[in-house]
Structures are given as structure tokens and as C-alpha cells.
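Asker: Residue numbers (my numbering), protein chains in the order written: chain A, 1 to 156; chain B, 1001 to 1419.
Quick caveat, the hints were computed from the structure, so don't treat them as lab data. Do not take every clue at face value.
Stretch by stretch, here's where chain A covers chain B in the computed footprint (C-beta under 8 Å, at least three residues) [claimed, not checked]:
1) 1063-1076
2) 1342-1352
A few chain B positions that, by computed beta-carbon distances, are all more than 10 Å from chain A [stated by the list, open to error]:
3) Gln1040
4) Pro1102
5) Glu1186
6) Thr1201
7) Thr1229
8) Ala1380
9) Ser1416
Since the model is a prediction, treat every value here as computed from it, not as a measurement. Ideal Cβ placement from N, Cα and C applies to all residues, glycine included.
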Amino acid sequence: MAQDVASLIAQVQAAYARSIDNGDLGAWPDFFEEQCTYKITTADNHSQGLEAGIVFANSRAMLVDRVTSLREANVYERHTYRHFLGQPWIQSQDGGQVRSETSFFVVRIMRDGTTDIYATGRYLDLYALQGSSAKLIERIVVCDSSRFDTLLALPL
Amino acid sequence: MQSQASAGHNPTELRAWPEPGLTRVPYWLFQDRQVYAAEQRRLFQGPLWNFLCLAAEVPNVGDFRTTAVGDASVIVTRDADGELYAFENRCAHRGALIALEPRGNAKDFSCVYHAWTYDRQGNLIGVAFKDGVKGKGGMPPSFCMQDHGPRKLRVAELCGLVFGSFSDTVPPLEEHLGEAIGPRIERVLAGRKPVVLGRYTQALPNNWKLYMENVKDSYHASILHLFFTTFELNRLSQRGGIIVDPSGGHHVSFSAIDAQAEKDAEYAKQSIRSESAYRLADPSLLQGFKEFADDITLQILSVFPTFVLQQIQNTIAVRQIVPRGTHRTDLNWTLIGFADDTPEQRLMRLKQANLIGPAGYVSMEDGCVGGFVQRGIAGAGDERAVVEMGGSGAESSESRVTEASVRGFWKAYRASMGL
């Protein structure tokens, strides 16, 4: 069972990363429950219990708004990410909910080909299991570094 | 030898400002290493006040925080007398950093290299093996610890903002800020207990002055930042303006809700259909709370050379600008709440924090636009920027369609740099 949960979450997370990296940003909010929390913060803030993040949403609608804003309003140089995810570590499972932690490594590719390590860190997740699928109730993206180069447009 | 000295050989000699006035800004200012070196001496270590940290970050005796004034790493501490002190984070022995951690609590500071030790005011109080071992080695008898130490900074505080200066001749902070700026800092912070909600650094791919120009440039706001326009969140009924202090170096840009016009606009809106297809799916982001006695919803305030205090609705933050060479800048954001925030108010601050920072709906563009300029001017050091919107002066104005505060920056810059 534990193995099944780990592979289910690995599969869902692979699809999550794929939607961002392949430019299907519109699908990204669908990985979350309607009532959800998504936050991008730093390891420094997280370890000190400081609440504010780079991005904060407490509803799927706020994630939809971020996608709309990125597509229609915000100005930034065209770029893509490539996510590399570690194996999910299943912290606990309680009924239909699973807490897990997964390392990520994100490379940013600018339109001129410049390719840099953009962010590393870990996802602190709470998933709701739904049959053969799982949706995020909470994803706290804890970036190892407190430095963000230029700007953060695409989600992590 | 002296007869050979010329502008080309003298490292302290800067190129001349190309023409009188403030409406043409030469691009070599953003590229030249000599300019950068002169800025370190004349601005960051000159007779000006630079932001160090929040007093709330060092509340207790022994608390310290490391920060930066230009290239110089600086330690801010609170000693047993309750006062704040600041000194260079540079061992007087061989120059190593004294404190490696960004913050902490310490009785004293000991350099890891040879254990030279400093008290919380930056005085040298210990030198390892000073008297040698078994009568051999050690410092000469003439060595006097009082003669050695990192440079100390003057420290001044206003509303919990801590500023420092390397200069002994700097005017008092209140005088530096003047009547135009001090009260508008107090408007946001006075009588309140700030708490840090979070911090992050945005690494900007451009010279620090391009960011300061951007902060002071009220002309670009509605053009580059389209979030409010796209979601039709602009209010026709806004009034605002800019304030430029007499030195030119400090500014305030603000907008406020005009209550009567708001009422009229609400009536008018009944019959107007929107042209934009976009609406926020979750508009709670902008359902802020009444925090100030006035109707000002946005106040961007800068203190020359490198400090910004912002209020964007209920998002309060300070921005410290740290140059990292001619082509790189660190923008250190500290988000602020207040001790008496209700949980609802705190949640609103967290939500509205989406407006600012590297991922900010109304600020992410500022992270890249300086880089666009830096790259655009790469082969054009002898060309000049045109800064003429709103005329040639650097005075306060009711219109924000002006570059007056950008010209103000250059006015203060030229005065401080002797350019």
C-alpha cells in the first residue's frame, strides 16, 4: 500500500511538473483542491516560522488568477523551466490524506538559450487521495536559497 | 612622474557630466568601474545615511544582524545599554569577516581566523596569544588594542528603521530626511510595533541606479505594470502626486481614493459595460482593510541613495538596495506586519504580498526592466537617456506623468558625487 501511494504521488507530481515545463500552465491549478494552500517561500523564512512568501494562495481561484495574470498582464522575458523531482518521501498517511516531501531542482532556460539553475528545494505537500488520483490540499514550496534571480513568473 | 598624471591615469577622476541640467543621463554611469568605486566612497561611505535594518530585527541585548552598506559588510548589534551599534564586519587583523551568520545573539564577536575578539560596540578586546607562548612570540609591547578595530558607523533610528553612516560629518538623520519625508515615514510606521513577516532577495541583472530610477519613475507605472488595468482594478477616481524633497534625492509617490469622485464613479459605472474579458476569480486579494486615517492606498517612498519604504494597500515592506558590481544589484525585501494585527488582517497582508517581490503582480516587471536597459545600452556608453517628461525640473507635482523624481535622483547624485 505504501509503495502504491508513493508511486501514485510520484506520478501526479510528474504530471504537475510536465504541465509547467511543457507550457500547459492552464492545467496547473487543476492539481489542487478548490480549497487549498499554495505558497512559495524560502528555507530561511520557513525555519524561522515567518509566514510571508513569494507567492501565496489560499484558493484554487487564486492560482487561476495567477495564470491569467502571467498570460495576460505581466511582462517578462520568455523562458521555460525544466523540473527534476526526487522520489516522494511519504511522511504520513491518515485515511484519505497523505503528507509527503519531495526534492526539486529547477533549471531555467531563457529565450537566448541561457540555461541556469533557478531554484532547488522541497515540496511539503498534503494530498487528498481520490481513488486512483490525488490532489493537493497544500503545497509549500520551500526554496533552499533566499535569492531569486530577476523575477519569478512561472510557478514552481 | 606628476607631470604624467591626467584624467586617464588618475583613478579618482571621473568623466564630466555631458551637459548642464538633469534631462540627459549618460549611460557610462551604469557601466564604469571608476564610477562604481567613487560611489562606494562618496555615497555609501560618504556623508549620507544608509539603511541598515529594522530595530525589530535586533530587539534584545546581544542580538545582531549583518547587513551591507554598498560593498561593505556591516554588523548591527544591541549592547547591554539597550543602544544599537554598527561596525564594519571586517577583522582589524587581516580583514576576514567577523560574523558569518546573518543574525543571532552574541556576547562578543570572535574572528574565526585568529580569534581576535570584539565587544558589541566593535572594540577590540582580545588578541589570541597576544603575549606569546612560554615567553616566545606574541605581539610587540608597542601593540595597543585601542588603536585597532573595524570602522564604526554612526547609527540613527526613526520609527524602527535603523540607518547608519560611515561619516563623522553627516547631518542628523532628521535633517537628512527633511520635512517632506520624515512625516511620511511616520504615517506608515509611527506608534506601531512592526514584526517581520518574511524576507527575500531579488538578484537584479543591472546597475543599482537603474533600479532607483525605476522606483522614482511614476511615469512607467501604468504602462509597464498591467495587472490592475487588465483586471480593471484601476480607479478613475484616484488622485495622487509626487513629492520631491529639496535635495532631489528623496521622494514620495502616492495615490489616494477621492471619496466624492468614487461615489460619482460608482453611479457612472452602472451604465458602463466593461471592455476587458478578465476578472479576478478570487477578488479577495484586493479586499483590504482600512489601516490609515487618510485615503492613501499607495505610497512609495525613497531615501537617497538606496532605501525604499512602500505601502501598497495593506502591504508594507522595506527594500534595501545593495550594489554588487556595476552590473548586478541585490534587492533585499523585508515584509512587515504589526504586532496588533488581527488574524484576518495578517491573512490580508499575506495575500496582498502577491503584489510585490520577484513574483509580484505589480512589481515583477521591475525585476527585468533594468536588465533590458543594461543590455540595451551595452554598446552605447557615450549615448544618453532622455529624462524630460514633465519638463526639466525636480520639483513636487500633482501629476505622476512626470520624471521629476528621477531628475531629483540625478540632482542629488551629482551633488554627492561632485559630477
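Asker: Now, for every hint given, state plainly whether the structure supports it.
Answerer: The hints, checked one at a time:
1. Under the rule that three or more residues need a Cβ within less than 8 Å of chain A, the assignment of the stretch 1063-1076 of chain B is violated, with 0 such residues.
2. Counting residues of the stretch 1342-1352 of chain B whose beta carbon lies closer than 8 Å to any beta carbon of chain A gives 5, which meets the minimum of three for the stated coverage.
3. With a least CB separation of 22 Å from chain A, glutamine 1040 of chain B remains clear of the 10 Å interface cut-off, as annotated.
4. Under the 10 Å C-beta cut-off, the non-interface status given to proline 1102 of chain B relative to chain A is violated; the minimum distance is some 8 Å.
5. Listed as a non-interface residue, glutamate 1186 of chain B keeps its Cβ farther than 10 Å from every Cβ of chain A; the least gap is roughly 24 Å.
6. Consistency note on threonine 1201 of chain B: stated as away from chain A, yet its beta-carbon is not over 10 Å from all of that chain's, at 5 Å minimum.
7. With a minimum CB-CB distance of about 7 Å to chain A, threonine 1229 of chain B fails to clear the 10 Å threshold, and the non-interface call is violated.
8. Distance check for alanine 1380 of chain B against chain A: the nearest CB is about 19 Å away, which clears 10 Å, and the non-interface claim stands.
9. Distance to chain A confirms serine 1416 of chain B as a non-interface residue, since its nearest Cβ pair spans about 29 Å, more than 10 Å.
Consistency note: the structure conflicts with the earlier hints numbered 1, 4, 6, 7.
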